[in-house]
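Between the sequences and the hints, there should be enough to build the whole structure, so can you do that?
Residue strings, one per chain:
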Amino acid sequence: MAVGKRDGKAGQDVLRRIGEASVLILISLADEPRHGYALIQDIKDLADVELGPGTLYGALDRLERLGLIESLPAEDRRHPYRITAPGAAALRAHLDSLERVSAAGRLRLQLGGI
Amino acid sequence: MAEPRAIRVVETVLRCYPARWRRRHGDEAAELAALLIKDGTPAGSIAWSYLAGAAREWLTPRPGRRLSTVACALLVAACSLGVSGGLLASAAPARAATSQPRGLAHCQPGSLEPVPDVTRAIGHPQVIIREAGHDRSC
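Sequence order for the protein chains is A and B.
81 is the number that this note's numbering gives to position 81 of the first sequence; each next residue is one higher, with no gaps.
86 is the number that this note's numbering gives to position 86 of the second sequence; each next residue is one higher, with no gaps.
Simulated from the structure, these hints should not be mistaken for lab results.
A few chain B residues that face chain A, going by a derived Cβ cut-off under 10 Å, partial list only:
(1) V10
(2) V13
(3) W21
(4) R24
(5) H25
(6) E28
(7) L32
(8) A33
(9) L35
(10) T41
(11) S45
(12) I46
(13) L51
What the simulated footprint calls covered on chain A by chain B, stretch by stretch (three residues with Cβ under 8 Å from a Cβ of chain B suffice, anywhere in the stretch; the number is not a length):
(14) 32–38
(15) 73–80
Derived lysine to aspartate or glutamate pairs resembling EDC-like cross-links, with alpha carbons at most 20 Å apart:
(16) B:K38 / A:D76
(17) B:K38 / A:D42
(18) A:K44 / B:D39
Backbone N, C-alpha and C define an ideal beta-carbon position, used for all residues, glycine too.
Written out as structure tokens, the structure reads:
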């Protein structure tokens, strides 16, 4: 099973190069809009990853520039963020790609008898 | 670190971000830091995270920031490094020349030979002590 650039699917996966933090943010925003603090807490719960606030805002800016998320009107001093339709599509493509890689890894472990 | 002081430290670090970023995220980032500190996150790690974020923010090319501005900033930084390096390099032989009489005190006796090239370069006679096949200059 060939997984990678050769099958052409990797080209559709725009999240391949933007880092784990961005993917975790998109996953956290997949069910509902969240602001910075809620994002950090949710990501800690779902992936056991403590995202630094500097990393968080860098990733939010990048995702917003790419049109994968949008900020909603501020509540108090907080901006909630929401995933966009292209963001949801990009996340789905990335998760599909991870699933293919994961399946290939499991298969190879099985074949190797490890 | 006491809470108000920790928040002040983080707010100082937030000033390192570009003005555009501060207008957009400044208030929220300060509030987020305060909440994280209240939760028990060390202020140092929050400040460090913001500092690294500020560095990334300045180094990432933006559509509004001209490439020539970034190039100029890099050129100025490279020039100042070059000038500092040059000053250090020019000061080193002078220091070596003035401290030479004191430096001879720690040299071990050996075969003393004057080295003409070195003499021409720094204007003082210099000796090289040969020990176990290695040249050591004093």
